[in-house]
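Chemist: Residue numbers (my numbering), protein chains in the order written: chain Z, 17 to 150; chain Y, 2 to 107.
Please note that the accuracy of each hint is not assured.
[As the list claims (entries may be wrong)] The calculated lysine to aspartate or glutamate pairs, modelled on EDC-like cross-linking and capped at a C-alpha distance of 16 Å, are: (1) Y:103 - Z:142; (2) Y:103 - Y:53; (3) Z:136 - Z:124; (4) Z:68 - Z:57; (5) Y:103 - Z:89; (6) Z:68 - Z:89.
FYI, nobody ran anything at the bench for these hints, they're computed from the structure.
The structure presented is a predicted model; accordingly, all values stated were derived computationally and were not measured.
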Amino acid sequence: MASITIGLMDPPYESANTPTAFRIIDAAIRAGHHVNVFLYEGAVGLGFSGQKPHANPVKGTTAEEEDHPNPKDWVSGLFALARERGTRLDWVNCGLCVDERGLEAQVEGARRGSPADLWKMAEASEGFLFISTR
Amino acid sequence: MQYLLIESQSTWDSGSVAYFYGLAADLAAGGNEVTLYLVQNGVMTARSGAQDGRLASVARTVRVLADDFSLRERAIGPEALIAGVACSPIDAVVALLAGGAKTLWH
Numbered sequence: 017m018a019s020i021t022i023g024l025m026d027p028p029y030e031s032a033n034t035p036t037a038f039r040i041i042d043a044a045i046r047a048g049h050h051v052n053v054f055l056y057e058g059a060v061g062l063g064f065s066g067q068k069p070h071a072n073p074v075k076g077t078t079a080e081e082e083d084h085p086n087p088k089d090w091v092s093g094l095f096a097l098a099r100e101r102g103t104r105l106d107w108v109n110c111g112l113c114v115d116e117r118g119l120e121a122q123v124e125g126a127r128r129g130s131p132a133d134l135w136k137m138a139e140a141s142e143g144f145l146f147i148s149t150r
Numbered sequence: 002m003q004y005l006l007i008e009s010q011s012t013w014d015s016g017s018v019a020y021f022y023g024l025a026a027d028l029a030a031g032g033n034e035v036t037l038y039l040v041q042n043g044v045m046t047a048r049s050g051a052q053d054g055r056l057a058s059v060a061r062t063v064r065v066l067a068d069d070f071s072l073r074e075r076a077i078g079p080e081a082l083i084a085g086v087a088c089s090p091i092d093a094v095v096a097l098l099a100g101g102a103k104t105l106w107h
């Protein structure tokens, strides 16, 4: 069992990098590894609990019919998977980035930190991957 | 030293992709164990019909893997990949990370 640290910067709903990152985190947890995730800049919105599914008035469809995935549910799903597999998922938001965006309301399990946490987590991990915005 | 280079763009997305391929080749030439993992639009260059020989050149000295999910999203079958590129689940990325490979994303 190893520790892997992943840093993300892309905000929700904007980049294919986000689902790829979630796939890597999911695969790492399934393989039994501990995973640290550091959210920087717009990525702190991924765990924002105020995300809402919505209807599409142009197509006349309801929110249920649209069935939009919200990243906050993916984050909660990863926490549930980690509990089920007996591994640790540490989801650390850059506190200043959260304050700037007013995104204090986060899903259960997410915590506040700073870039110093990223450095410490990376130092203590076998693997480190940072996915920056383009 | 073990390196994992993850390419998320195609050579038609950005001119800097060629430099990333070059980095992979140079690291391999320096005696390192290098994996170039193609994901998202990065897999587009691996199609056998693509008119770009740079990836094929890299694949002669570097282990090149193409993300299975990204291939399926783009309706590219494993049989349509150029020589030297293999279809791979994203577990390969996890295994390399867990094994301590130095990892770069582009």
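Chemist: Take the hints in turn and mark each one as holding or not.
Modeler: Outcome of the hint check:
1. Restraint check: the Cα-Cα separation between residue 103 of chain Y and residue 142 of chain Z comes to about 9 Å, which is no more than 16 Å; the hinted pair holds.
2. Restraint check for residue 103 of chain Y and residue 53 of chain Y: not satisfied, since their Cα atoms lie roughly 27 Å apart, outside the 16 Å limit.
3. Note on residue 136 of chain Z and residue 124 of chain Z: the hinted pairing is violated, with a Cα-Cα distance of about 23 Å set against a maximum of 16 Å.
4. As the CA atoms of residue 68 of chain Z and residue 57 of chain Z are separated by approximately 21 Å, the hinted pair breaks the 16 Å bound.
5. Proximity of residue 103 of chain Y to residue 89 of chain Z is assessed by CA-CA distance (about 31 Å); at most 16 Å being required, the pair is judged violated.
6. Our distance criterion of 16 Å between C-alpha atoms is met by residue 68 of chain Z and residue 89 of chain Z, whose separation comes to about 10 Å.
Checked against the numbered hints given earlier, the structure breaks hints 2, 3, 4 and 5 and satisfies all the rest.
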